[in-house]
Amino acid sequence: MRRLWLLSTFVLVTSCVPPRAETPAEPKATGFAAARAPALTHPTFEDEVAFLTRTNAATVVLVSDSGGRVVVSPALQGRVMTSAVAENGASLGWINHPFLESGKRGTQFDNYGGEDRFWLGPEGGQFGLYFAPDAPFAFAKWQTPPALNEGAWSAGATTSTSLVLTHSLHVTNHSGATFDVAVERTVTILSRDQLAAALGLAVPASVQAVAFETKNRITNAGRTPWTRDRGLLSVWILGMYAPSPDAHVVMPFDPTDASAGDIVNDRYFGKVPKERLAVHPREGYLAFTCDGALRSKIGLKPGRARSPLASYSASARLLTFVQYDKPAGATDYVDSMWEQQTDPYAGDVVNSYNDGPTEPVKPSLGGFYEIESSSPAAALAPDASLVHTHRTFHLVGDRAELEAIARRVLGIGLDDFSR
Numbered sequence: 001m002r003r004l005w006l007l008s009t010f011v012l013v014t015s016c017v018p019p020r021a022e023t024p025a026e027p028k029a030t031g032f033a034a035a036r037a038p039a040l041t042h043p044t045f046e047d048e049v050a051f052l053t054r055t056n057a058a059t060v061v062l063v064s065d066s067g068g069r070v071v072v073s074p075a076l077q078g079r080v081m082t083s084a085v086a087e088n089g090a091s092l093g094w095i096n097h098p099f100l101e102s103g104k105r106g107t108q109f110d111n112y113g114g115e116d117r118f119w120l121g122p123e124g125g126q127f128g129l130y131f132a133p134d135a136p137f138a139f140a141k142w143q144t145p146p147a148l149n150e151g152a153w154s155a156g157a158t159t160s161t162s163l164v165l166t167h168s169l170h171v172t173n174h175s176g177a178t179f180d181v182a183v184e185r186t187v188t189i190l191s192r193d194q195l196a197a198a199l200g201l202a203v204p205a206s207v208q209a210v211a212f213e214t215k216n217r218i219t220n221a222g223r224t225p226w227t228r229d230r231g232l233l234s235v236w237i238l239g240m241y242a243p244s245p246d247a248h249v250v251m252p253f254d255p256t257d258a259s260a261g262d263i264v265n266d267r268y269f270g271k272v273p274k275e276r277l278a279v280h281p282r283e284g285y286l287a288f289t290c291d292g293a294l295r296s297k298i299g300l301k302p303g304r305a306r307s308p309l310a311s312y313s314a315s316a317r318l319l320t321f322v323q324y325d326k327p328a329g330a331t332d333y334v335d336s337m338w339e340q341q342t343d344p345y346a347g348d349v350v351n352s353y354n355d356g357p358t359e360p361v362k363p364s365l366g367g368f369y370e371i372e373s374s375s376p377a378a379a380l381a382p383d384a385s386l387v388h389t390h391r392t393f394h395l396v397g398d399r400a401e402l403e404a405i406a407r408r409v410l411g412i413g414l415d416d417f418s419r
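The opening position of the sequence shown corresponds to residue 1 in the numbering used here, with each subsequent residue numbered one higher.
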């Protein structure tokens with residue numbers, strides 16, 4: 001098993017391990033009872049790399065000259081598994097220990113975890129990839145395509161700050177159309193100057209930070225053009241994080257575009273209870289509870305969505321931003337709703353998912369929350385490509401410093417995340 005330690009440049013200082021979260025109160029739910037939020041521990045980055053090695057998940061670790069790091073696993077479909085702001089710092093992604101320890105493969109969803117994984121959309125609908133032809137849109141028939149679920153990716157060119165991964169995929173949608181896809185995925189740890197430029201501010205030296213991006217290129221490797229009538233694909237990047245009772249995701253949106261329709265799609269897995277989703281039309285943001293206790297999901301369409309999104313946990317002293325590409329004028333985004341769709345290209349650009357029991361008296365998928373982004377629908381001729389970039393920024397520090405950063409980047413304060 002190999003571990004490759006690479007040096008890069010980033011401004012990161014001493015280690016910080018967030019305090020253990022308090023035991024959460026029983027959450028409210030509709031439809032069926034929510035689970036109690038999972039008990040939280042905060043392993044260090046080094047603990048997680050050692051765990052991945054023990055479970056045969058070969059890793060590549062990008063390390064900054066001042067201590068920040070990112071771990072990528074080519075063996076686990078090229079996922080960025082987790083990151084940290086410093087040596088022995090708290091692991092900031094979510095890794096599914098029980099599943100990796102089980103050694104299982106080929107399940108409905110080989111859920112290894114990871115704070116940046118590559119998938120293809122759409123999920124549901126007549127062009128969905130996660131339901132076989134003629135299968136009902138029910139959880140018992142939901143299946144991650146084997147091409148996305150299994151197999152190692154090839155690690156290629158590596159520098160002190162980046163790693164290139166490649167893979168070839170073959171997928172079939174719900175309507176029976178097939179696609180051959182070549183994927184090139186470049187993981188890069190960002191320097192201090194790159195972080196500052198991306199967020200539009202200088203992060204104080206007293207705030208610890210790590211940031212990385214994945215640049216995801218898909219190419220039509222077949223002989224047939226990808227056309228709307230057969231179904232189109234999209235790049236779908238999903239970041240998994242450890243939930244906590246005080247974790248909330250904030251999505252900024254454009255409050256002025258009435259043509260964009262409903263502000264938020266909150267009916268993926270049943271309508272989200274109002275105590276878990278606060279929409280502020282005048283201020284232009286929504287806040288979503290991410291405690292890992294109630295299966296729920298929200299999304300914004302291209303006419304509404306703004307970048308970046310964010311999450312915040314006071315107990316972890318952690319503010320996270322997620323940026324993504326949204327090409328000017330792009331309107332066609334695949335729809336992942338689990339239903340026959342009237343317009344399969346009226347889907348969401350960004351989503352947030354909170355895990356919980358999949359069905360009454362059934363377990364959750366592991367207990368986590370996600371921030372997700374998608375590319376436009378890819379109408380590609382043979383050999384043509386589309387690129388989607390997804391960036392993650394973790395900032396750890398005192399509340400006053402994180403408050404100032406949140407107001408500069410989002411225009412709202414930290415108290416607004418939970419109301």
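Each hint should be verified, as a subset may be incorrect.
As the list claims (entries may be wrong) - Mimicking DSBU-like on lysine-lysine, the simulated pairs with C-alpha atoms at most 35 Å apart in a straight line are:
1) 215 x 271
2) 362 x 274
3) 271 x 362
4) 104 x 141
5) 104 x 215
6) 141 x 326
7) 271 x 104
8) 141 x 274
9) 141 x 362
10) 274 x 326
11) 326 x 215
12) 215 x 141
13) 271 x 326
These are calculated hints, taken from the structure and not from any lab test.
Here's how the hints hold up against the structure:
With a CA separation close to 33 Å, the supplied pair residue 215 and residue 271 stays within the 35 Å bound. With a C-alpha separation of about 24 Å, the suggested pair residue 362 and residue 274 falls inside the 35 Å cut-off, and the hint holds. The hinted pair formed by residue 271 and residue 362 meets the criterion: a straight-line CA distance of about 19 Å does not exceed 35 Å. Taken as a hint, the residue 104 and residue 141 pair is honoured in the structure, with Cα atoms around 19 Å apart against an allowance of 35 Å.
Pair hint residue 104 plus residue 215 holds up; C-alpha atoms about 29 Å apart against a cutoff of 35 Å. Only pairs whose Cα atoms come within 35 Å are accepted, and residue 141 paired with residue 326 is accepted, the gap being roughly 32 Å. About 33 Å separates the Cα atoms of residue 271 and residue 104, which keeps this hinted pair within 35 Å; it holds. Our distance criterion of 35 Å between C-alpha atoms is met by residue 141 and residue 274, whose separation comes to about 29 Å.
Only pairs whose Cα atoms come within 35 Å are accepted, and residue 141 paired with residue 362 is accepted, the gap being roughly 15 Å. A hinted pair counts as satisfied when its Cα atoms are at most 35 Å apart, and residue 274 with residue 326 qualifies at roughly 29 Å. As the CA atoms of residue 326 and residue 215 are separated by approximately 13 Å, the hinted pair is consistent with the 35 Å bound. Among the hinted pairs, residue 215 with residue 141 is consistent with the structure: their alpha-carbon atoms are about 31 Å apart, no more than 35 Å.
As the CA atoms of residue 271 and residue 326 are separated by approximately 27 Å, the hinted pair is consistent with the 35 Å bound.
Every hint from the earlier list agrees with this structure, and none is contradicted.
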